[in-house]
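Trainee: Just so you know, the protein sequences line up as chains H and W, in that order.
For the first sequence, full-length UniProt numbering begins at 1 and goes up steadily by one.
For the second sequence, full-length UniProt numbering begins at 1 and goes up steadily by one.
These aren't lab readings, by the way, just hints derived from the structure by calculation.
Check the hints yourself; a few may be wrong.
[To be verified] Taking lysine to any residue and the SDA-like style, the derived pairs with C-alpha atoms no more than 25 Å apart in a straight line are:
1) W:Lys145 <-> H:Ile105
2) W:Lys248 <-> H:Lys207
3) H:Lys234 <-> H:Ser170
4) H:Lys80 <-> W:Lys100
5) W:Lys29 <-> W:Ile54
6) H:Lys121 <-> H:Met140
7) W:Lys63 <-> H:Leu103
8) W:Lys179 <-> W:Ile200
9) W:Lys209 <-> W:Glu237
10) W:Lys101 <-> H:Gln98
11) H:Lys252 <-> H:Asp233
12) W:Lys101 <-> H:Ile99
13) H:Lys80 <-> W:Lys248
14) H:Lys234 <-> W:Lys248
15) W:Lys248 <-> H:Tyr109
16) H:Lys214 <-> H:Thr200
17) W:Lys63 <-> H:Tyr109
18) H:Lys241 <-> W:Lys248
19) H:Lys80 <-> W:Gly241
Fair warning: this is a prediction, and the values are worked out from it, not measured in the lab.
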Amino acid sequence: MNHDPFSWGRPSDETYGTYNNTIASASPFPKMNTQQPIITGTSVISMKYNNGVIIAADNLGAYGSLLRFNDVERLIPVGKRTIVGVSGDVSDMQHIEQILSDLEIENNYDNSYADDEETLKPSYIFEYLSTLMYQRRSKMNPLWNAIIVAGVEDDKPFLKYVNLLGVTYSSPTLATGFGAHLAIPLLRRVIDREEDIESTNLELAEKTILESMKVLYYRDAHSSRKFSLAIIDKEQGLVFKKGLQVENMSWKFAKDIKGYGTQKV
Amino acid sequence: MTSIGTGYDLSNSVFSPDGRNFQVEYAVKAVENGATSVGIRCQDGVVFGVEKLITSPLLVPGKNRKIQTIDSHIGCVYSGLIPDGRHLVNRGRDEAASFKKIYHRPIPVDALADRLGQYVQAHTLYNSVRPFGITAIFGGVDDVKGPQLYMLEPNGSYWGYSGAATGKGRQSARAELEKLIAKHTKNIDINEDDTDNKTIQLKVRDAVKEIARIIYLAHEDNKEKEFEIEISWCSNEETQGKHKLVPKELLEEAVSFAKETLSHLEDSDDSDSDDDNNEGSATQDNEGDIVLE
Chain H
1 MNHDPFSWGR PSDETYGTYN NTIASASPFP KMNTQQPIIT GTSVISMKYN NGVIIAADNL
61 GAYGSLLRFN DVERLIPVGK RTIVGVSGDV SDMQHIEQIL SDLEIENNYD NSYADDEETL
121 KPSYIFEYLS TLMYQRRSKM NPLWNAIIVA GVEDDKPFLK YVNLLGVTYS SPTLATGFGA
181 HLAIPLLRRV IDREEDIEST NLELAEKTIL ESMKVLYYRD AHSSRKFSLA IIDKEQGLVF
241 KKGLQVENMS WKFAKDIKGY GTQKV
Chain W
1 MTSIGTGYDL SNSVFSPDGR NFQVEYAVKA VENGATSVGI RCQDGVVFGV EKLITSPLLV
61 PGKNRKIQTI DSHIGCVYSG LIPDGRHLVN RGRDEAASFK KIYHRPIPVD ALADRLGQYV
121 QAHTLYNSVR PFGITAIFGG VDDVKGPQLY MLEPNGSYWG YSGAATGKGR QSARAELEKL
181 IAKHTKNIDI NEDDTDNKTI QLKVRDAVKE IARIIYLAHE DNKEKEFEIE ISWCSNEETQ
241 GKHKLVPKEL LEEAVSFAKE TLSHLEDSDD SDSDDDNNEG SATQDNEGDI VLE
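Take the sequences, apply the hints, and build the full model.
Mentor: Structure representation (structure tokens):
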């Protein structure tokens, strides 16, 4: 008898020959969920200001380091007072987009004034998304995204973050992905603490965001020049600017960068 | 009704010898005594209106909505047994959601009409169910065929209309709709392609007033009963293709317009009296809906 526990309960090779794994086209794993994102969107950056919030994301869908799609809209409006900015896997983003649209339609069924007092508030949408993200990570099948929900609720700016691990947090300035390293320090130059929100107007906030988008385009290889920007202002409501471009760039610094490609250092 | 008592009216799924399905006909009776509902297909969208009889002074004015939304671009109103309508709308929502899940676009109005028609028709086939006691008017705007309006009857048949009315005041309402639509229709060859719905010159904003007028007029025979009016619309120009209640100010404007034209009519003593004042045989509850015996 073969005393190797690995062979217990199996047809013996001497009698039946070696088992052919391809018969059942069996995977070496019992089941496998998403291990990595495929088409990805890079950073989303956002900040509060005295009258609302501002959020921006570029329009690129990258396939690895290939700049594959250049017209991906990653800012999703939900109602008139919320924007959901999504980075990470684009197909998962599209799934979230669909869920949010269903959610909105269902909310509007029996709400006669769904434009104003009965509309979904940013906090409701965030609560829904954070629950969804945590539930999916607990099933070991995460939606591979980092999400920022931006909006105005009860005349106060709302800004919160949730990612594929179900981790949530809030801050007057928020960014996902590469932006969390590159843009946050720039945004914090303007708003470092809660108190700074009051002294920041829309003009300054927009300028800061545009400047950060420029820096991200300079330094993030998986970013595009074209981007979208949304402002949710407590007076003007939602202002959605699409097809913007990073302007006034200077690439002079590029010639001094050494240490890649075929150059002789 | 000579056939009552012959036994052929006890079940769906059984024809009478002269080829009628009595249960379905009784369902139509339930509709004929329901509150009046009206819909108009306009150049830029559709408008719905309904009469809401006030069954108790304790009901909160302006709440208790009757017009419902099936999908964000499709509205629905019905006369007859209200809970039957609620159920039909729920079914419509499921159909719209399933269409969107499969095809990633909003359900076209004609596709929804077909699905709801089949569902209602199925309720005339089985012994274990009764037919829907409602006639539903629904419609909206889609990007394939523009504004569309359908009326769905208890037997499951549905037709596209440029103006539809059902319920107690339907006859006077339909007469008014015919006049209104004739007045606003460009005189063109009937075979000419009208996919853009250009022949109807009426805009939803004006139709809102007309609907209020028509409902007030249709209510004339039922004068002793207090009522409220509810109007919704769905238009590319006014609501970005979404189905919504009309704003408060517009509703008030429409109601005062309706009251004014009606008082003019009474002054000239020229009111239309060509509508039905029969159907008094069935017992009604205080909502004007028929009570099934």
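Trainee: So, for every hint listed, does it hold in this structure?
Mentor: Status of each hint after checking the structure:
1. W:Lys145 <-> H:Ile105: Distance ~22 Å between Lys145 of chain W and Ile105 of chain H Cα, so the pair holds.
2. W:Lys248 <-> H:Lys207: Distance of about 40 Å is beyond 25 Å: violated.
3. H:Lys234 <-> H:Ser170: holds, 19 Å
4. H:Lys80 <-> W:Lys100: OK: Lys80 of chain H and Lys100 of chain W at ~22 Å, within 25 Å.
5. W:Lys29 <-> W:Ile54: Between Lys29 of chain W and Ile54 of chain W the Cα gap is close to 21 Å, so the pair holds against 25 Å.
6. H:Lys121 <-> H:Met140: violated, 29 Å
7. W:Lys63 <-> H:Leu103: Within the cut-off at roughly 23 Å; holds.
8. W:Lys179 <-> W:Ile200: holds, 13 Å
9. W:Lys209 <-> W:Glu237: holds, 17 Å
10. W:Lys101 <-> H:Gln98: holds, 8 Å
11. H:Lys252 <-> H:Asp233: Cα-Cα ~37 Å, so violated.
12. W:Lys101 <-> H:Ile99: holds, 10 Å
13. H:Lys80 <-> W:Lys248: Roughly 20 Å separates the two Cα atoms, so the pair holds.
14. H:Lys234 <-> W:Lys248: Holds, because 23 Å separates the two Cα atoms, which is no more than 25 Å.
15. W:Lys248 <-> H:Tyr109: Distance ~19 Å between Lys248 of chain W and Tyr109 of chain H Cα, so the pair holds.
16. H:Lys214 <-> H:Thr200: Holds, at roughly 20 Å.
17. W:Lys63 <-> H:Tyr109: Holds: Lys63 of chain W and Tyr109 of chain H sit about 15 Å apart, inside 25 Å.
18. H:Lys241 <-> W:Lys248: violated, 31 Å
19. H:Lys80 <-> W:Gly241: This hinted pair holds, its Cα atoms lying about 15 Å apart.
In this structure, the hints that do not hold are numbers 2, 6, 11, 18, in rising order.
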